[in-house]
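2 protein chains.
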Amino acid sequence: MAKTLGCLLGFICFLVPLTVADWNILNQKTQNGLKISLKNYCESWRMNVELHNIRDFQIVPEECTEYIGKYIRSTQYKVDSERAVDECIVYLGTSCSLKKDGKDGWIFDIDDTLLSAVPYYRIHSFGGERLNVTTLEEWISRGKAPALEHSLRLFNEIKSRGIQIILVSSRREFLRSATVHNLVNVGYHGWTSLVLRCPADELKSVGKYKADVRKQLINDGYHIWGILGDQYSSIEGLPSSTRAFKLPNPLYYVA
Amino acid sequence: MAKTLGCLLGFICFLVPLTVADWNILNQKTQNGLKISLKNYCESWRMNVELHNIRDFQIVPEECTEYIGKYIRSTQYKVDSERAVDECIVYLGTSCSLKKDGKDGWIFDIDDTLLSAVPYYRIHSFGGERLNVTTLEEWISRGKAPALEHSLRLFNEIKSRGIQIILVSSRREFLRSATVHNLVNVGYHGWTSLVLRCPADELKSVGKYKADVRKQLINDGYHIWGILGDQYSSIEGLPSSTRAFKLPNPLYYVA
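Sequence lines, in order, name chains A and B.
The first sequence stops at residue 255 when you use our numbering, and every number in between is there.
The second sequence stops at residue 255 when you use our numbering, and every number in between is there.
Pulled out of the complex, with its shape left as it was, chain A reads as follows (with noise of 0.2 Å):
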């Protein structure tokens, strides 16, 4: 597979043709004459994109798709989330004095959160072609995303304490049916709240529609103790939680 780049975002230009082989070894300069190899380029915008300093992607550079596919399948990607979960865990144990009065509260993002999409954009070149979502939606409702093995085991972990598990979605209301059964035949259950969005919400931007939905949860006398979620639209803005956590994800950016 050869193919000719051109300058990436303008900053780094890679003028030779490229083959599968050279991504690890190529040497280019960038714009302040560093020499780099296409992976240093691509492991930048990974780490950049997890610290929020990339936003609104579209699709990952094409360039990059077959070290993000590489990096989606490996044994860091497992460790990387698993270590967040194990910090949520920690942070359990040492950092939150429960209310125990029915209201301690903690939220779940579920795409790429408690359930995998990651077989879906396998086939969608990890991340590398423009969102279709009906294709992504006739996808969910066929209900077979595995789960997050780390992400059930915190689940888990929560709800033995006797928190209330709140599961936020951007997934659409139509979707409910799917999503349960997906949950359910994964080993999720005893959650509290489902919450999906209905059309109103999809006037407003995810992020806004995850922040409503805590301020209501907030007024109904709940204490949101964390959230665990895969994009920064699941865990920023007013109001907030206790605490947020985030998973890896560089295949999509919900804003």
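Accuracy of the hints is not assured; some may be wrong.
[Stated by the list, open to error] With a Cα cut of at most 30 Å, we get these calculated DSS-like pairs of lysine-lysine:
#1 A/99 with B/204
#2 B/29 with A/78
#3 A/29 with B/29
#4 A/204 with A/144
#5 B/204 with A/39
#6 B/70 with A/70
#7 A/208 with A/99
#8 A/204 with B/99
#9 A/204 with A/215
Worth flagging that the hints you see were computed from the coordinates, not collected in a lab.
Following the hints, put chain B in place on chain A, whose structure we already have.
Same frame as chain A, but now just chain B:
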């Protein structure tokens, strides 16, 4: 250098004696039964520091100081930092409608944002030793910290746009003269204000001190378009800037 590692944070147990050569090939299991290497472990530690899932760490885990030292001296650290700076420049060019009233502002952190403290940490186990304020301040007072090249480029870019540059550092007031000399010697000049911590500021967290400075700047009529910092305490909290950009820094944590 052979040593025996115990259980990392109680989750991951390395049961065999370790040598430096082992770190890339070790096969151990996490709590979930995942086979990982020490490199996997340390890379996930670093990623979760940058995701702000791991907070308040006093030292880099002993078993990861070699890995962190390697990263911080690597091309990857430079590329990761340069990309953060490039994103600032993209943002300036596309999303900032400057008021041009002399009150457009940008905040920079100093240590490991404008000036590199890596030469200090290089002789202090790359974060593997508990912070010694005395030796750190003695090192700072010598005024020999090198510039972070990419940050200098951004500094000059921002200055050329007529944006006021405000430096907000957790350095203490008595280091003002050394700080000014150091900054000027490596190429930084033309900032509007240099805010350092007076004794009263030392009674609050760095995060609160920096938020209070932003509050004062906004009261003074500034619009703070952005912040570049290497610590979450430089960029989080209210009032916030329009955007914030975080440089990677796995060496230490400032709350």
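Structure-based check of all given hints:
At most 30 Å may separate the alpha-carbon atoms for a hinted pair to count; residue 99 of chain A and residue 204 of chain B meet this at roughly 28 Å. For a cut-off of 30 Å, the pair hint linking residue 29 of chain B to residue 78 of chain A stands: about 12 Å separates their Cα positions. About 39 Å separates the Cα atoms of residue 29 of chain A and residue 29 of chain B, which puts this hinted pair outside 30 Å; it is violated. Pair hint residue 204 of chain A plus residue 144 of chain A holds up; C-alpha atoms about 28 Å apart against a cutoff of 30 Å.
At most 30 Å may separate the alpha-carbon atoms for a hinted pair to count; residue 204 of chain B and residue 39 of chain A exceed this at roughly 42 Å. Between residue 70 of chain B and residue 70 of chain A the CA atoms are separated by roughly 23 Å; this keeps the pair inside 30 Å, and the hint holds. With a CA separation close to 28 Å, the supplied pair residue 208 of chain A and residue 99 of chain A stays within the 30 Å bound. Distance hint between residue 204 of chain A and residue 99 of chain B is fulfilled; the C-alpha atoms sit about 28 Å from each other, no more than 30 Å.
As the CA atoms of residue 204 of chain A and residue 215 of chain A are separated by approximately 15 Å, the hinted pair is consistent with the 30 Å bound.
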